[in-house]
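Kindly generate the complete structure, drawing on both the sequences and the hints.
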Amino acid sequence: MTSVHVSDIEPQDVLIVLRHPPHGSHWLREGIDVALVAAAFGQRVGLLFQGDGVYALLEGQQSGALGQKGTHPQLAMLEMYDIDSLWVSAAALSERGLSVDELMLPVKPLSAEAVAELIQAQPHTLIF
Amino acid sequence: MTSVHVSDIEPQDVLIVLRHPPHGSHWLREGIDVALVAAAFGQRVGLLFQGDGVYALLEGQQSGALGQKGTHPQLAMLEMYDIDSLWVSAAALSERGLSVDELMLPVKPLSAEAVAELIQAQPHTLIF
Amino acid sequence: MLNYALLVHGAPYSHQAALSALRFADTVVTSGHRLVSVFFYHDGVHNASALMSPPQDEVHLAEGWQRLHQDYGTQLLVCIAAGLRRGLLSADEANRHGLASHNVEAPFELTGIGQLVDAMLNNDRLITFAP
Amino acid sequence: MLNYALLVHGAPYSHQAALSALRFADTVVTSGHRLVSVFFYHDGVHNASALMSPPQDEVHLAEGWQRLHQDYGTQLLVCIAAGLRRGLLSADEANRHGLASHNVEAPFELTGIGQLVDAMLNNDRLITFAP
Amino acid sequence: MLLHLLNRSPQSTAVYRDLGEAFGVNDQLLLIEDACYAALPAASGVLAAFGGRISVLEEDLVSRGLAGRVSPAITVVDMKGFLALTETHERCVSWF
Amino acid sequence: MLLHLLNRSPQSTAVYRDLGEAFGVNDQLLLIEDACYAALPAASGVLAAFGGRISVLEEDLVSRGLAGRVSPAITVVDMKGFLALTETHERCVSWF
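Line by line, the protein sequences are chains D, P, H, V, A and G. Numbering (my numbering) for the first sequence: 59 to 186. Numbering (my numbering) for the second sequence: 59 to 186. Numbering (my numbering) for the third sequence: 731 to 861. Numbering (my numbering) for the fourth sequence: 731 to 861. Numbering (my numbering) for the fifth sequence: 1119 to 1214. Numbering (my numbering) for the sixth sequence: 1119 to 1214.
For the record, the hints were derived by calculation from the structure and aren't laboratory data. None of the values given here were measured: they were computed from a predicted structure. The beta-carbon is built from N, C-alpha and C at its ideal position, and this holds for glycine as well. Worth double-checking, as some hints may not be accurate.
On the chain D side, residues computed to face chain A include the following (Cβ under 10 Å) [stated by the list, open to error]:
| no. | residue |
| --- | --- |
| 1 | Gly-82 |
| 2 | Gly-109 |
| 3 | Glu-117 |
| 4 | Gly-118 |
| 5 | Gln-119 |
| 6 | Gly-128 |
| 7 | Gln-132 |
| 8 | Arg-154 |
| 9 | Leu-156 |
| 10 | Met-162 |
| 11 | Val-165 |
| 12 | Gln-178 |
| 13 | Ala-179 |
| 14 | Pro-181 |
Some chain G residues judged to face chain V by a derived CB distance under 7 Å, without partners named [as the list claims (entries may be wrong)]:
| no. | residue |
| --- | --- |
| 15 | Glu-1176 |
| 16 | Ser-1212 |
| 17 | Phe-1214 |
Computed beta-carbon distance windows for the label pairs [claimed, not checked]:
| no. | chain 1 | residue 1 | chain 2 | residue 2 | range |
| --- | --- | --- | --- | --- | --- |
| 18 | G | Glu-1208 | P | Ala-179 | 55 to 63 Å |
| 19 | A | Ala-1167 | P | Ala-179 | 40 to 48 Å |
| 20 | P | Ser-121 | H | Ala-836 | 36 to 44 Å |
| 21 | A | Pro-1159 | H | Asp-822 | 52 to 60 Å |
Below you can see the structure in the form of structure tokens.
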């Protein structure tokens, strides 16, 4: 898996870091809601999937028992909101035995150094 | 630190396992409340401090900012409720660089095997 | 047939705990067992809110719990100490505290931790769902 | 002088987050800065409950937030989407949902996530307190 | 003979360690909610202490897109199977 | 140059690892709430990634009985010091 270079990172207005897995809590859903609203307000929004947040990107997710919605329908809406700067921690993926080919969206894997540079480069960052 | 033998474990009616540290959340406080009420109802209650729950036993705790109560006043009441079967995971202590001499209550350190035996031996266990 | 009780620590719409508990409760009662009581503790007390207003396409947790009571007589017990500080009050408690509104109504009952101890000692099974 | 905004995710009386946030807020306003707004999101919305009834010897978090508004004009913004599903309703929202009670009153305001985005973009600092 | 319920992802290493300490030789572990991620082969290390006496809840697997990814040593159970585990084990403790 | 706030005990290894990945060479880390336990010498391993640019909040230390136990490499700050860190760092992110 080749990680992108730091120089390839286009600056955004807002970076949302997603660290929680889907379904078990509302963190991920509420974080993506902030991303969608910020984009609707005309901000350039980037997303970084880190830690257990990478599980949000697995293919084949479904609604849970009792109709509990997942976050995959929200992620499918990102393109409509022009949110196309999607990054993932390469370390988080490999620790979980996952590769970018298994993911539902085209995300760019970042080395640890690039994760730090990404967060340094963005004017506003929220972690969920 | 010598751990007690499994044969020394007197059976209780209720075992409360405390795994959360004081102050950061209400888990510990609400777990001790259950222990006190069970004792007030005439049950023999034992407590096992495991994981970050061992931090509840540190000497010198105080109220937090804005008057937030800690759990040390509750622990000081255990004796009044005849709760004197107090165990601590020896592994949890040593991972945190602590020893039984530094603790505010006389607790018996248990080896990993004894922790398993303790939980097997009690008819009712709640984890907080 | 076994007598079950549940202990729910998780707030609704924040963690899966309350959903998992309701789902398990449905399985208990439709499998011929008796679900005697559900005790709501810690942030689980928010499950009892009569003001809960989820979007129409999402499960309404408080109504789910109420249905268990109506169909199977399950007691819905809300820890009063955990509830009052978090803003869960019956009409009686609201009066006592001089408040004009309340948000806990039958079949939910505010009750003491003793009822949890009782549920643990006097049922065949107590299953905990935490956030 | 800097303009501060806070984002509070933690429920009252479950995690230290709301206490830490209120403590930080007091320090901001008494140090000559301006605390423009506090945005309550996730389980933090429960901080706005007018029914919160903690024991008398414990801090009353909702009153602590209200005091900030009264003394320093801090806006107290409650995410409406996070709040409605968790049972936080103003009188208007209660009407709209056909409910007789409500538990969100001024100076707390139900508002959209756009106000959080606005707080992030238009203040010098946004500090988050999570459970 | 206890049934242990666990709902945290395998990144929550402390709860897996504490549960490992408490796990008896005849106990069973049921993975629910975010603990389903521990059923992936990549997480097998954190389950080593539980000697193959491990089940995982099907509907929580399916919602997370994990249905085809479970380690062969782990038994997949539906809600009836969850209930059956609580029937055959007199006591059930929940780790979180 | 960011200020990172952290409130989890050092047993929450995943958040320390993710924060370590994001931590820049000129960043500062402030330990609050249950992260105060990371200021104990026994936890120094989890802080290795943060190169000595670490503070801890005094009142959260004191309430936990940790006031006399802090590693010498860590700076103890009061609430004014917490505020001062947010004044000198334009951006602050919170890890939990």
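Tested hints:
1. Gly-82: Check passed: Cβ of Gly-82 (chain D) comes within 4 Å of chain A, closer than 10 Å.
2. Gly-109: 7 Å, holds
3. Glu-117: Hint holds; Glu-117 (chain D) Cβ to chain A Cβ min 6 Å, cut 10 Å.
4. Gly-118: 4 Å, holds
5. Gln-119: 4 Å, holds
6. Gly-128: Holds: closest Cβ of chain A sits about 6 Å from Gly-128 (chain D), inside 10 Å.
7. Gln-132: 14 Å, violated
8. Arg-154: This hint holds: Arg-154 (chain D) lies near chain A, its Cβ roughly 5 Å from the closest one there, short of 10 Å.
9. Leu-156: Hint on Leu-156 (chain D): holds, closest Cβ of chain A at ~8 Å, below 10 Å.
10. Met-162: 8 Å, holds
11. Val-165: It is violated, given that the least Cβ distance between Val-165 (chain D) and chain A is near 15 Å, above 10 Å.
12. Gln-178: Check failed: Cβ of Gln-178 (chain D) comes no nearer than 25 Å to chain A, outside 10 Å.
13. Ala-179: Check failed: Cβ of Ala-179 (chain D) comes no nearer than 26 Å to chain A, outside 10 Å.
14. Pro-181: 29 Å, violated
15. Glu-1176: 12 Å, violated
16. Ser-1212: For Ser-1212 (chain G), the interface hint holds, since the closest Cβ of chain V sits about 4 Å away, which is under 7 Å.
17. Phe-1214: 4 Å, holds
18. G:Glu-1208 with P:Ala-179: 55 to 63 Å: 57 Å, holds
19. A:Ala-1167 with P:Ala-179: 40 to 48 Å: 20 Å, violated
20. P:Ser-121 with H:Ala-836: 36 to 44 Å: 38 Å, holds
21. A:Pro-1159 with H:Asp-822: 52 to 60 Å: 55 Å, holds
Going through the hint list in order, the structure does not satisfy hints 7, 11, 12, 13, 14, 15 and 19.
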